[in-house]
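Put together the whole structure using the sequences plus the hints.
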Amino acid sequence: MAESSSSNKLQKPETKIQDRISDLPDCVLTRILSFLPTKISVQTSILSSRWQHLWQHLSVLDFKDDSHYYHYHHSERFKSFAVMVNGVLNLLRNPRGIKKMTLECAYVFSHDQFRRVSVDTWVRSVIGPYLEELNLTLNEDDQGSYFKLPQTLFTSHNLVSLSLAGGISVRVLSSTTVRLPSLKKMIINIGLVEVPSLNALLYGCPIIEVLDLHFRPVCFDKVCVPPSLKRLRIGTKTDVGASLEIDAPDLECLIVRKITFGNVFSMYNLHNVAAAYLDVFARSTGSVISLHDLLNALSGIKHLMLSRSTTKLLLGEPPDLLFGEFRYLIHLDLKFPWFNSNSLLSLLHKCPLLQVLIIQNVKFKEQRPILGCAPQPSVPNCLVSHLNFIQFKGCQGYEDELFFIEYVLQNGLVLETMNVADISLDLQTKYDLLKRLFNVRKACEMCQFTFDTAVYPKKQLCLLKYPK
Amino acid sequence: MAQEASSSTSSKTISLKTGDGEIFEIEASAAKQMKTVQRLIDDLGDDITIPLHNVFSKELPKIIEYYKKDITGEITKDFEAEFVKDLNDDEVKVLFLAANYLDANKLFEFLSQNIADRLESKSVEYVRKYFGVENDFTPEEESKLREERAWSFRGIKEDE
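Order-wise, the sequence lines are chains B and P.
Residue 258 in the numbering used here sits at position 258 of the first sequence, with consecutive numbering throughout.
Residue 78 in the numbering used here sits at position 78 of the second sequence, with consecutive numbering throughout.
Calculated directly from the structure, the hints in this document are not laboratory data.
Take every hint as true, because none was put in to throw you off.
Straight-line C-alpha distance at most 20 Å; calculated PhoX-like pairs for lysine-lysine:
| no. | chain 1 | residue 1 | chain 2 | residue 2 |
| --- | --- | --- | --- | --- |
| 1 | B | K64 | P | K122 |
| 2 | P | K69 | P | K12 |
| 3 | B | K99 | P | K106 |
| 4 | P | K106 | B | K100 |
Encoded structure:
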């Protein structure tokens with residue numbers, strides 16, 4: 001061993017490394033190329049005779065057109081882009097063996113036949129038994145031109161990951177039986193969608209684990225989510241909303257935006273969901289019961305965030321919270337349309353092990369309703385033993401808010417941090433408020449009362465991080 | 001050298017010896033991620049110091065750092081960005097070659113992407129030098145190729 005290192009000392013280290021790179025087999029070099037935009041990979045053909053045809057063995061394609069960012073000559077620029085893509089597809093050694101394609105271009109100008117045919121041809125040319133990943137982004141224009149996906153995509157045997165964004169129409173014809181037996185991840189962020197078509201698509205994905213869905217439903221309908229899911233993010237883009245049918249025992253993460261409830265509650269087996277963000281709204285008076293049913297189903301939840309629209313549905317009188325305790329909840333993040341200490345304390349009674357509470361007052365158009373102020377029978381368990389961090393953003397100085405802060409300071413035996421941030425008051429009122437709060441006798445000796453700048457808990461629970 | 005066999009498999013460490021004679025310890029679970037190392041363990045046993053002729057003391061600690069994070073599931077985009085932030089193009093190349101030799105797939109893919117990102121905006125001459133490629137085209141051959149592939153060179157600045 002010692003001998004070989006001394007002979008190496010004679011060679012310049014640089015030369016030695018470069019020899020080793022050229023020693024690398026073609027397949028390793030092609031692998032590096034597969035991480036480059038394909039246009040750049042093609043340029044390596046002039047490096048040397050060995051490199052001339054290396055790129056042609058690529059099985060990963062990445063085409064991004066930026067012509068729509070320019071003000072003029074869109075058609076000409078797109079034509080250049082099309083010539084490049086066609087050139088690549090023509091020269092590939094194995095065009096049918098493409099494993100992954102990323103295509104991003106504009107799908108503007110609905111009357112542009114050339115553009116429509118080009119995109120259609122390119123997508124069709126990679127659909128085959130080897131295709132594992134397809135990422136299609138068609139930047140749309142205001143005219144709502146949509147690219148119709150070829151139906152053959154829906155029977156791609158080896159497709160593992162599918163991402164569709166922009167002006168794409170996901171329409172499953174009744175003559176198509178969707179069969180995507182390998183699909184694990186699907187991301188859809190498009191415009192108008194007919195929910196029955198979407199359900200037909202989801203029905204054909206028996207092992208899907210990650211689903212990210214954002215769309216505008218044509219009309220209110222129920223989205224039926226596959227049972228194999230581990231992570232679900234679903235949101236509608238208008239107030240039409242959609243309801244969900246979920247029976248997913250492996251689901252760990254649930255994020256919903258602008259979702260509402262149907263006539264029949266159909267969200268079951270959610271006890272393994274560890275983190276959830278809920279932004280739901282009421283379509284009818286029955287919606288409140290359904291929200292309670294949903295919260296009941298999330299019995300194993302550890303990290304919960306509720307939007308203003310969701311919290312609004314919980315701001316009733318204390319006996320109205322018809323769901324069980326959150327026995328595992330550690331982190332609760334609430335946005336309030338208006339503050340109500342009674343409701344908040346009733347909620348805290350449901351979270352015996354809560355450690356972190358973050359609340360934010362978000363200004364709302366609706367009027368604050370006048371609610372009764374029934375005194376709390378007992379101190380919530382979490383305040384006595386677990387709650388160590390409270391952050392209150394957007395305090396407006398209402399008596400009820402001050403009552404709550406004083407209450408938690410006086411009863412929070414382990415409350416180490418009380419942070420009141422974004423106080424929207426004039427200096428004098430703020431001074432008086434803070435003076436009052438500083439003088440409160442704190443139950444926890446180590447309690448640090450901070451204000452103005454928001455602070456964050458030391459151990460941030462990152463369960464809601466969503467994979468790209 | 002005398003090696004004590006640890007009784008519990010979960011905290012077992014493997015000794016690796018670099019090409020320039022230094023010894024480093026890694027967890028057995030991290031070693032599993034480097035297929036070359038795992039193969040050597042399977043052949044030679046896990047009590048012996050595993051020799052790695054083609055990896056040196058400059059780069060092995062970085063690789064160990066990466067896989068330490070990997071086995072705890074803590075590899076994030078931020079960590080990866082930090083990991084390569086202060087490395088120059090040649091240092092990344094050395095790490096890349098080591099990852100290739102060790103058959104350490106995750107690190108290899110990450111470094112491939114990083115190299116591709118670094119080379120994307122570089123000139124042809126720089127890339128040649130980086131890969132140690134000797135240009136064996138005549139000027140006529142090269143310009144003919146450039147013309148044939150004009151559709152891929154359109155819109156790119158010509159190199160000096």
